[in-house]
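Chemist: Chain residues, written in single-letter form:
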Amino acid sequence: MLSMSTNNSSYNDQGGADSAVEIGQETTPTSNSGAGFGLFSTDFKKNDDLKEMLENNKESLKLEAMKRIVGLIAKGKNASELFPAVVKNVASKNIELKKLVYVYLVRYAEEQQDLALLSISTFQRALKDPNQLIRASALRVLSSIRVPIIIPIMMLAIKEAASDMSPYVRKTSAHAIQKLYSLDPDQKEHLIEVIEKLLKDKSTLVAGSVVMAFEEVCPERIDLIHKNYRKLCNLLVDVEEWGQVVIISMLTRYARTQFTSPWREDGVFDENSERAFYESDEEKTRDDTEIKPYTMDPDHRLLLRNTKPLLQSRNTAVVMSVAQLYWHLAPRNEVSIVTKSLVRLLRSHREVQYIVLQNIATMSIQRKGMFEPYMKSFYVRSTDATHIKSLKLEILTNLANEANISTILREFQTYVKSQDKQFAAGTIQAIGRCATNISEVTDTCLNGLVLLLSNRDETVVAESVVVIKKLLQAQPSQHSDIIKHMAKLLDNITVSMARASILWLIGEYCERVPKIAPDVLRKMAKSFTSEEDIVKLQTVNLAAKLYLTNSKQTKLLTQYILNLGKYDQNYDIRDRTRFIRQLIVPNEKSGALSKYARRILLAPKPAPVLESAYKDRDRYQLGTLSHTINTKASGYLELSDWPAVAPDQSVRNVEVIEPVKEWAPSLGKTGKSKPAKSSDDKFYSDSGEEEEDEKGSGTSSSNDGSSSSSAGLSLCLCVPPPGPVLYLPETYSPSDLRHCVDIGFVKQLLFRVSGYLHVFRSVTVSYVVPFVPQEVKLQKEVSLLDLDDCELTDVKPWSVLSPSLLTDLEGLSLSNISTMQVSGPAFVPEKSHNLLHRMTGKGLAAQYQFTRQPCLYQPNMVSVQISLTNTSDHRLEQIHIGERSPAGLKIHCFNTIEFLEPDASVTVSMGIDFNDSTQAANFQLCTKEDQFSVSIQPAVGDLFLAVTMTEQDFRKEQGKLQGMNECSATITVTAENTSSQPLNRRVAAMANVGVVPSGQDNVHRFAGKTACSGAVLLVTVELRESSAAVITINTEKSVMGSMLLRDLKKSLAQA
Amino acid sequence: MIHSLFLVNSSGDIFLEKHWKSVVSRSVCDYFFEAQERASEPENVPPVIPTPHHYLISVLRHRIYFVAVIQSEVPPLFVIEFLHRVVDTFQDYFGVCTEAAIKDNVVVVYELLEEMLDNGFPLATESNILKELIKPPTILRTVVNTITGSTNVGEQLPTGQLSVVPWRRTGVKYTNNEAYFDVVEEIDAIIDKSGSTITAEIQGVIDACVKLTGMPDLTLSFMNPRLLDDVSFHPCVRFKRWEAERILSFIPPDGNFRLLSYHVSSQNLVAIPVYVKHNITFREGSSQGRFELTLGPKQTMGKGVEAVLVNSQLPRGVLNTNLNPSQGTYTFDPVTKLLTWDVGKINPQKLPSLKGSMSLQAGASKPDENPTINIQFKIQQSALSGLKVNRLDMYGEKYKPFKGIKYMTKAGKFQVRT
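Quick note, the sequences are listed as chains U and H, same order.
Counting from 1, position 721 in the first sequence corresponds to residue 721 in full-length UniProt numbering; the numbering is continuous, with no gaps.
Counting from 1, position 391 in the second sequence corresponds to residue 391 in full-length UniProt numbering; the numbering is continuous, with no gaps.
Careful: at least some of the hints might be erroneous.
Mimicking DSS-like on lysine-lysine, the simulated pairs with C-alpha atoms at most 25 angstroms apart in a straight line are [what the hints assert, rightly or not]:
1) H:K193 to U:K376
2) H:K388 to U:K340
3) U:K93 to U:K51
4) H:K298 to U:K376
5) H:K21 to U:K188
6) H:K193 to H:K366
7) H:K406 to U:K956
8) U:K890 to H:K240
9) U:K88 to H:K21
10) H:K240 to U:K308
11) U:K960 to H:K406
12) U:K159 to U:K188
13) U:K93 to H:K135
14) U:K470 to U:K515
15) H:K413 to H:K298
16) H:K366 to U:K421
17) H:K193 to U:K417
18) H:K410 to U:K956
19) U:K960 to H:K378
20) U:K58 to H:K135
21) H:K211 to H:K398
Worth flagging that the hints you see were computed from the coordinates, not collected in a lab.
Model the full structure from these sequences, guided by the hints.
Modeler: What follows is the structure, encoded as C-alpha cells:
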C-alpha cells in the first residue's frame, strides 16, 4: 500500500516537491498524492516513512525519498536525523540518487562529523574512477565536507587531482584548494605549492579557477604570477567568462605593482613597443627605457591589448572589469575606449544599470570628457527606479559645463515637475550644484529656484529653500530681496529643515533685513513649543544673533525664548540654551568668552562647497563591492600606487618550450582523422601557447619553425606547401569564391583546407602571393579568377568574371525581401585618368579607371583598375602601395608586383572605400627605390553601383525618399538627347546607375545605390515639351544627390 | 564568492534556500526585508545591501527576489550577472520562472544550482552543458524515467565542457537543417511636449535559432556594417574577423541564442515611426480635466505599425476617467492611476484617438505635471536603422541548410512627455 502510493507520486514530477511541502506543514496541503499521509502523520511519522523508503531495496523508492528530503533542505527544514539512512546510499549505482545524497551530505556533514566519515572511503574509491566526471564530483563532495579530521585526506586528494589528466578534474582541484583553506588556514604553505603548480597549467578551463584560489589563499604572493603573466594574458580571451573577471582583476593589481605609471604629464609614449612582442620575448627593449622618458613596458601593453576585445563580451561583469582595468592602468588618452561599452550596459537589467551608473558617476567626476558625448543616455525616464534616477542626475550634474548647461537645465526643469517628489528634490540639489560650479548660470538658477518657492509641493519648496540658503551664502550681497521673500514664506512652510534654513539665513544676514528679523523672531517665539528640534535650535541661534546686533528690540524676546529653551524636553536644546545664555548675557559669572560673543556668533562663514557624493569614491578600485557600498568590504585588496621604478621585467620571461617534438608523431593522426576538430581549436585563439602544436598539424608538415607564440603563424605560411594540388578541396561552392578571390586561388585552397586560416587573412596575403604564378599555371581553368595576376593584363577580368559570379551571389543572397539587385553597369566609360605621369614617376606611368563593378574585396569599396607601365629602360621592382591619407582610408591594395620589365605594362585592380564622399584618396605608389604621392579623385557618379528594379519598386522607394531627400532641376536638353537611347547613355556615362524599365515614353528612370552605405539613389528624367526636362534625384545622401544633379544638368544640356 | 542563495517571493516569504559553503542562517534576510519595506516600489529595493557580517546582492525578476549572500569583496556585477543567468536557465528549463514552477521542480532546481556553482564560483553556466548534465523535465521523460528507472542526470562529462567551443555539443543531428535569424531593433526615445525628439537611439539584437547538423561554421555579413557602432557578441563570434572585415564568423551553439547585440551609432538621425498628438489639461479650480490623445504613423518605411499599446501614469489627483477610444480598449486602474490603452494596429486613414474627460479630486489643486505617455509598438519586416544582412554562408558541412531572416522594429523605452 505504502509503496503504491509513493509510486503514484513519482509518476508526476510534482510529487516529490509537494509531499515535501506536506512534511513542512507550513503551507496548506495541496497535493493529491500526499493527502493520504496528511491525515494521520506527524513530523516524526513522516521522517519514519522516509527512513523506511531509504532502507527499501527499490531504487525508485529511495530516489523518491531523496527527492523529498532535498525538498526539505530547500525549504530550510531540518532533516539531519535521517543522516545514517541517507549516508548508506552514498555508494549507490544510480547516479541521480548519488548526486542527491551528495547534496544532503554536503549540507549536514558538518553537524554529523562521525557519521560523515562513513562515506569517505566511497569517495576515495571514486577518486580513482576512470570517468572524469565521477572523479571530479567525488573531489567536489569530499572537499565540501567540512570535517577537520579528513584534512590530510583532502590534501592528498587535491594534490593528486592537480596532476590529473583531465583539465576538468584539475579545475575541481583548484576549487577544492579554497575549500580546504577556509577549513584549515594552517595548510596554506602546502596549498600554495599546489596553486603554483596549477598556475602553470595551460588549460583555459583551469586558469580562472586557479587564479580565484590564488586570490583567496595567497593574494600577496605576486611572485607566483611573474612566470605565468604572459600566458594568462594570452589565454584570457579563451577563458570562460567568470574566470575572465577574476583574472582581469588580479592582473590589474599585478600591473600596478610591476609597471611604471603611464600617466605622465607629457603623455607621449612609445607605441612601437608593440613590436617587441612579435620578436622573441627574450631580447627586451630595456635599453630604450633608459633613453626615452617613458616607454610602456611591452607586457603592460600586452595586457591592455588582450583585454580590449573583451569589451565586446555579452557578460556585463567582464565588460565592467575591463573598463576598470583601463581606468586604472591605461594611459589617459586610451581610457575613453571603454565609454561606449559602459553606455551599452545601461540597456541591461535594472541592477546592472545601478552598478554601472555608480561607476560612471565616479569616473565622470575626474573625466567629464569621457561621457559628455553620451549625455543623452543619462536622461531620466519616468519608468526608472528611484535610485537609478538619482544616479543619472548625479552624472548629469557632473557632466555639466558652460557649453551644455542650458540643455541640462532645460532637462532638469522637466524633472522638477516629476511626480516622484524625492527625485524632484534631488533635482533641486543638482541645480544648486550646477549653480555653484558654473558661475555663468548662478543667477539663472537662483531665479528658477525662487520661482519654485511658490510650488505647491512642500518637499520641493523645502529643498529649494535649503539650496537657496547654500547659494546665498556664497554671495549674499545682492540678494536681500530673496531673503525677505523667504521670510514671508516662513508662515506657510511646515517642513522643519526648510524652516530652520530660513531662520538661519535671517539670523546670518539680520543686518541686511533689520526690520523683518525681529518680527520673525516674534512669530517664532509664539510657536516655539510646537516646533521641531532643529527649528528650535535655529530659533535660539537667531535670537542670540539678534540680541547681539539689535538688543534694544529683541532683548525681552530673547530672554523669553531662552527661558522656554531651558525647560525643553530635548537635552540638546537645553544645552544650547545654557551655552548661549552664558555667552551673550553678561553677568558676573560669565568668563572672558562673552567678550568675544559677537565674533563667535557672527563670524563670517565660508560658503559650503556643493560637491558630488561620489567625490571620494575613487579611493576604491572601480567595479568592486567596496566602491558600491563606499566602505571597505572585508577581503578588499587595495590597489597599490605605481612604483617609481619598474621592478625587474625579466622575471616574466619564460623558457619557450619547443612544441615541435611533441606534435610531430601525432601529426598524421590528428591531421587526417579529425581535421575539423583541430581547426576548431584554432578559431578561437591565435596566440595561446598550448594550441601552438595543433596549429602545425592543421596546415602542413612543412612548418618546422612554429615555435614561439606569435611568430608561429606567419612562419607556417611562409614556407611554400610542397604539393599544392593536394590542397584542392573536393568541393567548393560558389559561395566560397567570394571570400577567396581577393587573394587568389592559392588563398582559397589554403583557406579550404586549413579552415582556420581565414581568421588571419590580413596576415596571410603577403606571404601567399609569391606562389600565385605557379598555382595559376597548374590550374588553367580557374585563371580567370586571378584578378591580381600580373600575367593576365590582356584579359578584361571583370567582364569575364562578373556574370557568373554575380548570378551565384544573387542566388545565395539572403536578403530576398529586398527587390533590388546589383547589376552590371549599363555603361563603362573608357576614359582613364592619369594617376602618375611618367616624368614625375621616373619612368613609371600609371593610369586609373573606374570599372564600375561591385568590388569583390569588400562590398563597400569602389573598385578601381590601375594600369602601370614601365617607360624607363630598367626593371622596376616591388611596386606596391605605401602610406595613405587620410589615415583611416581603407584601401584594398593590389599585391606587390615583384618586377616590371621595361616597356611592359600590367593592370591591377584595387578597392577603395571612399565612404560616399568625393574626397580624393591619397596614397603613395612605391617602387623599390622611390615613393610617389598620387591621388584618385572619384567623380560622384562613380561612387554608385547600378541597380535593377521594377518600376513599381522604384515608385515605392521614391515614396520613402521625399522632402529633404529629393532634389530636382529643370533644364533645357539639347535636341539629340531627347530620344531615349542617347539620354540613357548620357546618364549612364555620368553615373553608374541602372535603367529602370519605364511605362511612359517621356519619363526615364535610373536606379543605383551608394557603394559604401548602400543608400538608394533614384534618378528620374522627365521630358517635357519644347526640349525642357525635369531631373529629379531621390537619395538619402542629399549631398551626393545635389552633386550628381549638377553633373547631370551639365551633361544633358551640352551637345 | 557566492555563499548562499535565498529566493524570496513578493509577499516576503523565503521559499527556497541553497548554501554552497557553510550554512548561513536565513535571518540574514531580515536586513533585506527591512529594505524592502522602506522601498515604495518593488524596483526600488537597492541591489546591494550591506549587513554587519554579510553583503546581500539581489536581483528582481518575475516578481521573485534572488538574494545572494556574499561574505567578502567580489565585483557586484559578477554576482548580479550570475543571478540573471540563473533566472535565464530556469526559464530555459521550465518555460517560466515563477514561484510555482520552482517549487514544482525543486529537485531539478537544486541539481542545477549544484552544477552552476562550486564553492560559490560559477562552474557550468552554458545552457547546452547543463542540459547534458541535467535533462530538462518533460512529461514524456518523467513517464519514461518512472518505467525504466533511468534518470534525468547525465553520467558523462559533457563534451562541450572540455572543448574550445564549450557552447556546442558534438554529434548534433537534424533531418531538416535550418538557420533562422531575427534582427530585432528597439527604439528608445524621449519626445518632448512640442513633439521634438530629445533623445532617440536604436539598439538591436540578432537572435538566432540554428538547428544544423555537425559542426557548421557560419559567416554572416551585412550590407551596411558601418551602422553598428558598438556591439557585443556571443562568445562564439570570432572577434578578430569582425575587427578586420566586419563579418560575423562563428560556430553556432545548438538551438536558440543571442548572436549579437548592437547599438546604432548616434550620428545617424533616428526616424521616429509614430507621432502623438496630445492635449491633456487640468483647469485650476475645476474638478474636470481634458484628455485627448491621437496617434499616427510618421516614418515607417511603408510598413504598418502594429501591437500599439499606450500606457500612462496619471497624477494622483485623478479619481476616474471617462474616455472614448476610436479603436481598441482602454482601462484605468483608480488605485494605481495607471491608464492603459490597447490600440492594436494604426490605420493611417483613420488615426486612432482616445478622448474624454478625467474627474479630479474635488478641492484638490491641479497637478503640477502632466503625465508621461509610454508607447509600445511593433513594425514587422523592417529594421529601423536600415541594417540589412547581406548573406549567410556555411562551411565545414556539406548539406544545404535552409536559411531565413526576419526583421522587426519594436519600441523600447519610448516616452512622450506632455
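Chemist: Compare the structure with each hint and give your call.
Modeler: Checked hints:
1. H:K193 to U:K376: Holds, because 17 angstroms separates the two Cα atoms, which is no more than 25 angstroms.
2. H:K388 to U:K340: OK: K388 of chain H and K340 of chain U at ~23 angstroms, within 25 angstroms.
3. U:K93 to U:K51: This hinted pair holds, its Cα atoms lying about 19 angstroms apart.
4. H:K298 to U:K376: 23 angstroms, holds
5. H:K21 to U:K188: Distance ~19 angstroms between K21 of chain H and K188 of chain U Cα, so the pair holds.
6. H:K193 to H:K366: 18 angstroms, holds
7. H:K406 to U:K956: 20 angstroms, holds
8. U:K890 to H:K240: OK: K890 of chain U and K240 of chain H at ~17 angstroms, within 25 angstroms.
9. U:K88 to H:K21: 23 angstroms, holds
10. H:K240 to U:K308: 12 angstroms, holds
11. U:K960 to H:K406: 21 angstroms, holds
12. U:K159 to U:K188: 13 angstroms, holds
13. U:K93 to H:K135: Holds, at about 19 angstroms.
14. U:K470 to U:K515: With a Cα-Cα distance of about 23 angstroms, the restraint between K470 of chain U and K515 of chain U holds, given a limit of 25 angstroms.
15. H:K413 to H:K298: Since the Cα atoms of K413 of chain H and K298 of chain H sit roughly 18 angstroms apart, the hinted pair holds (cutoff 25 angstroms).
16. H:K366 to U:K421: 16 angstroms, holds
17. H:K193 to U:K417: 13 angstroms, holds
18. H:K410 to U:K956: OK: K410 of chain H and K956 of chain U at ~23 angstroms, within 25 angstroms.
19. U:K960 to H:K378: The hint holds at about 19 angstroms.
20. U:K58 to H:K135: Measuring from Cα to Cα gives roughly 23 angstroms; hence the hint holds.
21. H:K211 to H:K398: 15 angstroms, holds
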